[in-house]
Amino acid sequence: MTLGLLMLAIVSALASAILLALSQERNWRIAYGPGAGRRDRMRRIGWPFALLTFALCIARDGASFGTMLGLFMLAAVFVTVTLMLAFRPRWLRPVALPFALGSE
Amino acid sequence: MADQPNTSFRPSMNWVHTWAGVVLGALLFIIFWMGTMSVFDREIDRWMQPQTRLASPAAPTTSYDSLLDIARAAEPGKQLTKLTIGTANTRAPFATIHATYADKTRRTLVVDTITNRLIPEPASLGGTGFLYPMHINLILPGVWGWWIVMFAAIAMLLLLVTGVIIHHKIFADFFTFRPEKKLRRSSLDLHNLSGTIFLPFHFLITFSGLMVFSGWYTSIPWYVAPASVGEPVAALINEADQYGHFRREAAGRPGGGVALAPLVQRAEAIWRVRHGTATPADYIDIDHIGDAQGYMAVRGNAPRRMVSDVDEIVFDLATGRIVKDSTPTTTRTVQKWLEGFHLVRFDHWLIRWFYFIGGLAGCLMIATGFVFWSVSRRKRDAQTQPLKVRFVEALTVAAVSGVILATCAYFVVNRMIPEGASPGGFPRFVIEVLTFFGAWLATAVHAGVRQASAWKDQAWVIAGLSVAAILLNWLTTGHHPIAAINRDLWAIVGMDSMLLLNAVVAIYAARRLGQSTLTVGDAP
Numbered sequence: 001m002t003l004g005l006l007m008l009a010i011v012s013a014l015a016s017a018i019l020l021a022l023s024q025e026r027n028w029r030i031a032y033g034p035g036a037g038r039r040d041r042m043r044r045i046g047w048p049f050a051l052l053t054f055a056l057c058i059a060r061d062g063a064s065f066g067t068m069l070g071l072f073m074l075a076a077v078f079v080t081v082t083l084m085l086a087f088r089p090r091w092l093r094p095v096a097l098p099f100a101l102g103s104e
Numbered sequence: 001m002a003d004q005p006n007t008s009f010r011p012s013m014n015w016v017h018t019w020a021g022v023v024l025g026a027l028l029f030i031i032f033w034m035g036t037m038s039v040f041d042r043e044i045d046r047w048m049q050p051q052t053r054l055a056s057p058a059a060p061t062t063s064y065d066s067l068l069d070i071a072r073a074a075e076p077g078k079q080l081t082k083l084t085i086g087t088a089n090t091r092a093p094f095a096t097i098h099a100t101y102a103d104k105t106r107r108t109l110v111v112d113t114i115t116n117r118l119i120p121e122p123a124s125l126g127g128t129g130f131l132y133p134m135h136i137n138l139i140l141p142g143v144w145g146w147w148i149v150m151f152a153a154i155a156m157l158l159l160l161v162t163g164v165i166i167h168h169k170i171f172a173d174f175f176t177f178r179p180e181k182k183l184r185r186s187s188l189d190l191h192n193l194s195g196t197i198f199l200p201f202h203f204l205i206t207f208s209g210l211m212v213f214s215g216w217y218t219s220i221p222w223y224v225a226p227a228s229v230g231e232p233v234a235a236l237i238n239e240a241d242q243y244g245h246f247r248r249e250a251a252g253r254p255g256g257g258v259a260l261a262p263l264v265q266r267a268e269a270i271w272r273v274r275h276g277t278a279t280p281a282d283y284i285d286i287d288h289i290g291d292a293q294g295y296m297a298v299r300g301n302a303p304r305r306m307v308s309d310v311d312e313i314v315f316d317l318a319t320g321r322i323v324k325d326s327t328p329t330t331t332r333t334v335q336k337w338l339e340g341f342h343l344v345r346f347d348h349w350l351i352r353w354f355y356f357i358g359g360l361a362g363c364l365m366i367a368t369g370f371v372f373w374s375v376s377r378r379k380r381d382a383q384t385q386p387l388k389v390r391f392v393e394a395l396t397v398a399a400v401s402g403v404i405l406a407t408c409a410y411f412v413v414n415r416m417i418p419e420g421a422s423p424g425g426f427p428r429f430v431i432e433v434l435t436f437f438g439a440w441l442a443t444a445v446h447a448g449v450r451q452a453s454a455w456k457d458q459a460w461v462i463a464g465l466s467v468a469a470i471l472l473n474w475l476t477t478g479h480h481p482i483a484a485i486n487r488d489l490w491a492i493v494g495m496d497s498m499l500l501l502n503a504v505v506a507i508y509a510a511r512r513l514g515q516s517t518l519t520v521g522d523a524p
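So the sequence lines, in the order shown, correspond to chains A and B.
In terms of our numbering, the first sequence opens at residue 1 and continues consecutively.
In terms of our numbering, the second sequence opens at residue 1 and continues consecutively.
Mixed in with the good hints, there may be bad ones.
Derived lysine to aspartate or glutamate pairs resembling DMTMM-like cross-links, with alpha carbons at most 25 Å apart [what the hints assert, rightly or not]:
#, chain 1, residue 1, chain 2, residue 2
1, B, K78, B, D103
2, B, K78, B, D112
3, B, K181, A, E25
4, B, K169, A, D40
5, B, K182, A, D40
6, B, K182, B, D381
7, B, K169, A, E25
8, B, K82, B, D316
Not the full set, but computed from the structure, chain B residues with beta-carbon under 8 Å of chain A [what the hints assert, rightly or not]:
#, residue
9, P179
10, H348
11, G358
Covered, in the sense of this in silico footprint (three residues per stretch, anywhere, with C-beta under 8 Å from a C-beta of chain B), are these stretches of chain A [stated by the list, open to error]:
#, segment
12, 21-28
13, 43-54
14, 63-72
To be clear, the hints were calculated from the coordinates, so they are not data collected in a lab.
The C-beta atom is built at its ideal place from N, Cα and C for all residues, glycine as well.
Construct all of the structure, not just a fragment, from the sequences and the given hints.
In structure tokens, the structure reads:
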């Protein structure tokens, strides 16, 4: 149960970090290439995922530890996504695909 | 990065950030590094004090009365008057006793609570006896170290706030790291990245660090809380004993003698009901033993709560009655929450590791801030003010890689000198501390001579020392990582893997520095 919640929280945090990163023009270019993504849509999905991360962490560990765990987890995935953008940007491409604008 | 203070707001904040950083960065790095080590201070203890690598007790219960007997037997013929007991827990699987006798003799005893036998006192200060004190007061004599660390913490808050102000686009920094760019740019990226992503942690850890000693600051003799701070706060800080611990004088006539263990169990039962979760006693303070006014204060710490040991129940040892059961004020609970946040005594391994990572991020932020300054200055000032640039660069190397190297040397020498040996007449723990400072001094001299090539040299030495520490631990204790896993010695597994990681990172850094076309005078 707690392991399951932890895994869900990690996935949710990763989704949030990747979407918020790709919603920035510079990162989109690095990960996907020219053109632009559906920036608003990525933000509209990315932020709720950040909130979901906190909810899952609090469900696992209670308010005190859960809030801290959520903060730390988001920090950790932000670092992970930043390093992916720096060294393995193409790994983010699959996430970017559904948000690419048709013809570009 | 203006030399002269600019009167408009953002440039003036930039000026403050730059100069406070350059002047205090070395000190801040040392405090952050030692604090990061202190997250795992008990684990470092287990590694440096192999005789304490015991199996975790299934339950922390101890026959507290037999600890009294052990303390009495340690100094035959002397009257035991005072005893404090740190109970066994998963991270420190033994009881630590501080005994005081009628003639003021003091003894520290370590007791295996499963066999009730004394463990020979380790000839090493380990993490809790050296790295942690370095974090809180730089082991300077008297009150100087405390004041210096306190001002450093205030400076850190100032640096965090000014750092936020001088940044235009905080959120863009979250994902920006460009290792392919020039050193000046990529070090600034790392500085901003580690600074912004961990900002909440860095702010709270610095602020809570200040607040741990809030009682101490306000106990300055001339300080009287002004009425304007409001009654609860004034009451708290004007309290005769800042930490609210129970004290009373001895009666001078014999008494006491109630069995201790049932009293401790009673306190634990009260807390279990009050908090709805198991709250074992973690610290016991017995005073005036054998006197009619003898008492025992029991403090509890629920390992699954953030708040540190706010509960204290005091028993009269003549009657076994409760003489004080603390009900903390709101102010004190807040202070205790901040203290609990800072001291990380709770039992949550994931968060403990995140503290470690957050601490390392703080170290990285300070180090890259330094590198950015040096690289920016080098071109401009190398001709006009070569001494200034050279001095700050040497200071940076000594403060960053020098402290890391000295810490590794501290570990290595611990495993090189056998327990009980005293080369040159010094006990081993003295040699360990001398090695730390000797190695540190050497890195400073080396940095002054070799300038920026010192980074590469010292990275190789750090890698070598880390590997040597792992091998020496294997040779002297037989606990290589696999053996440690089989024996559930997770402290040793963790310590060895961090040393290995340290070696890998150092080798990577050294190779990168070796390949780079940076001229002499360039940092990593």
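Would the hint on B/H348 be counted as holding, given a Cβ-Cβ threshold of 8 Å to chain A? Given a least distance of 6 Å, the restraint on B/H348 holds.
For the segment 43-54 of chain A, do at least 3 residues have a Cβ located nearer than 8 Å to some Cβ of chain B? violated (count 0)
Straight-line alpha-carbon gap B/K82 to B/D316, limit 25 Å: holds, 14 Å
For a C-alpha distance cap of 25 Å, please report whether B/K78 and B/D103 respect it. holds, 8 Å
Between B/K181 and A/E25, is the straight-line Cα distance small enough, at 25 Å or below? holds, 19 Å
Does the interface hint hold: is B/G358 within less than 8 Å of chain A, judged Cβ to Cβ? holds, 7 Å
How about the segment 63-72 of chain A: do at least three of its residues have a C-beta closer than 8 Å to a C-beta of chain B? holds (count 6)
Holds or violated: are the alpha carbons of B/K182 and B/D381 at most 25 Å from each other? holds, 19 Å
Hint consistency between B/K182 and A/D40 [alpha-carbon to alpha-carbon, up to 25 Å]: Violated: B/K182 and A/D40 sit about 33 Å apart, past 25 Å.
Restraint check for B/K169 with A/E25, where alpha carbons must lie at most 25 Å apart: holds, 14 Å
Agreement of B/K169 and A/D40 with the hint, judged by alpha carbon distance not exceeding 25 Å: holds, 19 Å
When I compare C-beta atoms, does the segment 21-28 of chain A have three or more residues closer than 8 Å to chain B? Holds, because 4 residues of the segment 21-28 of chain A bring their Cβ atoms closer than 8 Å to Cβ atoms of chain B.
Consistency with the previously given hints fails for numbers 5 and 13, ordered from lowest to highest.
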